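There are 2 protein chains.
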Amino acid sequence: MSDDIAVMMAEIGAAARAAAGQLAVASDDQKRTALNAAADAVEAAQGTILAANAEDLAFGRAKGLSDAMLDRLVLNPDRIGAIAQGLRDVAGQADPVGQVIAAWDRPAGLHVERVRTPIGVIGVIYESRPNVTADAGALCLKSGNAVILRGGSESFHSSRAIHACMVEGLRAAGLPETAVQLVPTRDRAAVSEMLGMTAHIDVIIPRGGKGLVGLVQEQARVPVFAHLEGICHVYVDAHADPAKARSVVLNAKTRRTGICGAAECLLLHDAIADTLGAQIIADLIAAGVEVRAGAGLTQLPGVVAAKPEDFGREFLDMVIAVARVPDVQGAMDHIARHGSGHTESILTEDAATAATFLSQVGSAIVMHNASTQFADGAEFGMGAEIGIATGRLHARGPIGAEQLTSFNYRVRGDGTIRA
Amino acid sequence: MSDDIAVMMAEIGAAARAAAGQLAVASDDQKRTALNAAADAVEAAQGTILAANAEDLAFGRAKGLSDAMLDRLVLNPDRIGAIAQGLRDVAGQADPVGQVIAAWDRPAGLHVERVRTPIGVIGVIYESRPNVTADAGALCLKSGNAVILRGGSESFHSSRAIHACMVEGLRAAGLPETAVQLVPTRDRAAVSEMLGMTAHIDVIIPRGGKGLVGLVQEQARVPVFAHLEGICHVYVDAHADPAKARSVVLNAKTRRTGICGAAECLLLHDAIADTLGAQIIADLIAAGVEVRAGAGLTQLPGVVAAKPEDFGREFLDMVIAVARVPDVQGAMDHIARHGSGHTESILTEDAATAATFLSQVGSAIVMHNASTQFADGAEFGMGAEIGIATGRLHARGPIGAEQLTSFNYRVRGDGTIRA
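Chains as they are written, first to last, in the numbering used here: chain A, 1 to 419; chain B, 1 to 419.
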């Protein structure tokens with residue numbers, strides 16, 4: 001069985017590599033046509049997609065999926081409309097391929113250009129969100145990359161129905177149908193194969209929980225764009241504006257607790273911990289948040305004492321850890337020890353302290369007087385995002401179409417030789 | 001023994017990681033001071049360096065190194081002067097760290113900046129060129145990265161003497177001495193350790209022959225910036241200017257045959273193969289080049305018949321393979337099959353054909369009417385280079401200080417919360 005999977009995946013990989021060559025030279029017109037036609041197909045196939053989704057939901061309920069998992073899995077006319085709209089939004093974005101990033105002349109008589117090119121073949125491994133089939137497929141297509149999609153077994157039928165619409169779009173634009181492939185099996189051996197397909201896949205993007213991402217990061221021989229956890233910190237400085245601080249901390253923790261940009265740890269400067277800090281903690285408790293307080297804060301009403309493992313923990317829930325720090329350096333030390341390199345924010349009116357924090361905290365996203373909930377490709381103005389990366393190479397922060405490109409140098413001379 | 005090496009390398013790695021944190025916030029002044037002081041130290045230590053080099057040369061001769069290897073290894077006052085000058089050149093370059101790559105505003109009231117940051121810790125594994133100790137150390141330092149250098153066993157003493165000068169420079173600038181570390185053993189187990197140090201090394205750059213680079217690419221768990229081979233092609237189109245074509249092909253092959261940008265394969269459009277093509281081949285033969293001719297060219301005087309394995313082969317010598325192709329598409333097909341993704345050049349006066357070649361050949365560097373020998377960081381205006389990469393992720397083409405950086409997002413609001 002596993003041998004069959006290996007053979008099948010090698011065929012899928014070779015087809016993707018061949019399609020990538022054609023996609024790299026596809027015009028923006030063709031890519032837009034494909035995406036808009038795919039959006040039309042999604043709308044036209046609403047009934048088919050809902051029927052497929054019903055199969056998945058029955059399977060998921062029988063398997064005992066949590067309510068949160070089932071909620072991610074479920075499709076309805078609104079969500080299908082959003083999928084179609086997402087495809088049209090990506091279609092309308094500027095084509096990153098061919099953009100000249102830099103250009104300069106050299107004394108020998110050369111004109112050098114650095115030009116955006118596709119990466120090649122992207123592998124996307126995701127869990128039970130069927131919409132990723134369309135979102136990821138669209139961003140890879142827009143950036144001229146072929147994509148191999150491996151959806152969660154729970155969303156198998158829904159993903160297949162959506163994928164069929166993507167293929168219809170490709171066909172309408174005269175692009176190879178193998179530009180967007182969906183692995184047609186629930187067998188997990190397909191995932192292991194993908195992780196080792198260095199000849200056929202240039203980068204893998206896992207979308208899902210810590211278990212999936214950790215497995216991919218540990219076992220992949222192919223480069224990975226991902227974040228394992230979003231352990232986001234908000235530091236309230238001695239010179240924070242109280243109204244802004246209260247509003248931002250509440251938003252950073254409670255707007256949505258299940259996203260990677262949700263704050264998981266609050267750091268309070270010693271000088272305001274018992275005043276503004278106590279007020280912020282009271283706000284959080286009033287909003288229904290469980291506050292796990294560290295040393296020097298456990299006397300505050302309504303808190304529970306934090307355990308050591310509560311720092312550097314991604315709760316993804318109405319829970320927050322709070323630590324008292326001596327100053328901005330103490331905050332940065334805490335973040336260096338417990339952070340995950342995702343997003344951190346400083347709240348202060350002191351420009352010098354803000355500058356220190358912004359230039360010295362090494363996370364993918366650092367913020368000043370803003371909620372960590374903004375850590376999102378759409379909020380950054382990148383259109384859709386295929387994920388957020390905390391690695392330091394190539395892509396970092398929200399990954400949109402532009403981040404899915406590479407570049408090359410195009411050099412023009414006039415019979416120019418090197419001395 | 002190998003356990004001891006593991007312990008030692010872990011200590012070196014931890015020290016590099018700690019130094020990276022300090023280097024990331026070092027001012028350009030400090031980095032310039034360190035590099036200029038290192039240059040002074042190299043000049044002052046000329047006698048010590050030459051004595052160390054004499055030890056290496058004796059060891060190398062006893063080991064039976066080739067003349068080419070010995071030539072790379074040998075130092076003299078001129079070469080030592082060039083090493084010092086190289087350090088001063090890098091010192092004078094613009095500091096890439098902190099440069100704002102892009103900046104924009106968002107409707108919610110956020111100002112987003114994308115800012116260059118160091119990558120962290122770079123590992124450099126090289127063979128018998130002692131000058132790499134200074135060049136690589138300088139570029140990593142300028143870009144705010146800590147570096148772990150592992151020089152070839154043949155250049156052990158020379159590298160150690162040069163490294164001591166780098167440390168003197170760091171000391172003069174008040175920067176951590178562990179910012180530039182040289183692995184103090186010839187034991188190859190140190191290389192294996194480096195390839196797996198994912199927690200302490202962010203990227204590895206191998207500098208050397210195909211054997212070294214292949215081993216690193218195959219075994220590394222750490223990301224690698226490298227090129228395995230430079231199998232560069234020059235395509236002479238039907239509409240090539242004869243004078244330019246003759247001059248560029250001769251330069252591309254013969255200026256220096258041992259560098260990765262040297263042409264290894266000439267592609268001749270069918271329409272000019274027997275005229276301009278024959279003339280170019282006669283030029284090459286007159287210059288002492290062995291011409292291995294493919295189908296339809298073996299009748300030309302002085303050529304030898306190419307074997308199939310001569311296409312896609314890096315000769316690094318006065319040898320070139322020549323193939324006859326039907327048109328630019330045939331040339332691109334040949335390159336796709338046999339190229340190494342390094343550098344290819346088209347010689348033509350037809351702008352449309354040139355545009356096709358430049359946009360459709362996927363190599364790191366593509367050229368029009370220019371010699372492939374320009375594939376070099378200094379020629380591109382990047383100052384020194386630490387290597388050339390053919391991978392599609394992060395760094396591509398010549399790798400200078402800017403290519404050794406990552407970036408993060410710095411977001412400024414005013415108590416801004418997400419709706």
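Derived from the structure by calculation, the hints contain no laboratory data.
Treat the hints loosely; a few may be bogus.
Said to hold, decoys possible - A few chain A residues that face chain B, going by a derived Cβ cut-off under 10 Å, partial list only:
1. 113
2. 119
3. 379
4. 391
As the list claims (entries may be wrong) - From chain B, some residues computed to sit far from chain A (all C-beta separations above 10 Å):
5. 68
6. 370
7. 383
8. 417
Since we're looking at a predicted model, the values are computed, not measured.
We put the CB at the ideal spot given by N, CA and C, even for glycine.
The hints, checked one at a time:
1. Checking residue 113 of chain A against chain B: minimum C-beta separation of about 9 Å stays under 10 Å; hint holds.
2. Nearest Cβ of chain B to the Cβ of residue 119 of chain A: about 5 Å, under the 10 Å cut. The hint holds.
3. Hint on residue 379 of chain A holds. Least Cβ distance to chain B is approximately 7 Å, under the 10 Å limit.
4. Taking 10 Å as the C-beta cut-off, the interface hint given for residue 391 of chain A holds, the closest approach to chain B being about 9 Å.
5. No Cβ of chain A comes within 10 Å of the Cβ of residue 68 of chain B; the nearest lies about 21 Å off, and the non-interface call holds.
6. Residue 370 of chain B, annotated as away from the interface, has a beta carbon of chain A within 10 Å; the closest lies near 3 Å.
7. Listed as outside the interface, residue 383 of chain B is consistent with that label: its C-beta sits roughly 13 Å from the nearest C-beta of chain A, beyond the 10 Å cut-off.
8. Non-interface call for residue 417 of chain B relative to chain A: violated, since the shortest CB-CB distance, roughly 4 Å, does not exceed 10 Å.
Taken one by one, the earlier hints fail for this structure at numbers 6, 8, listed in ascending order.
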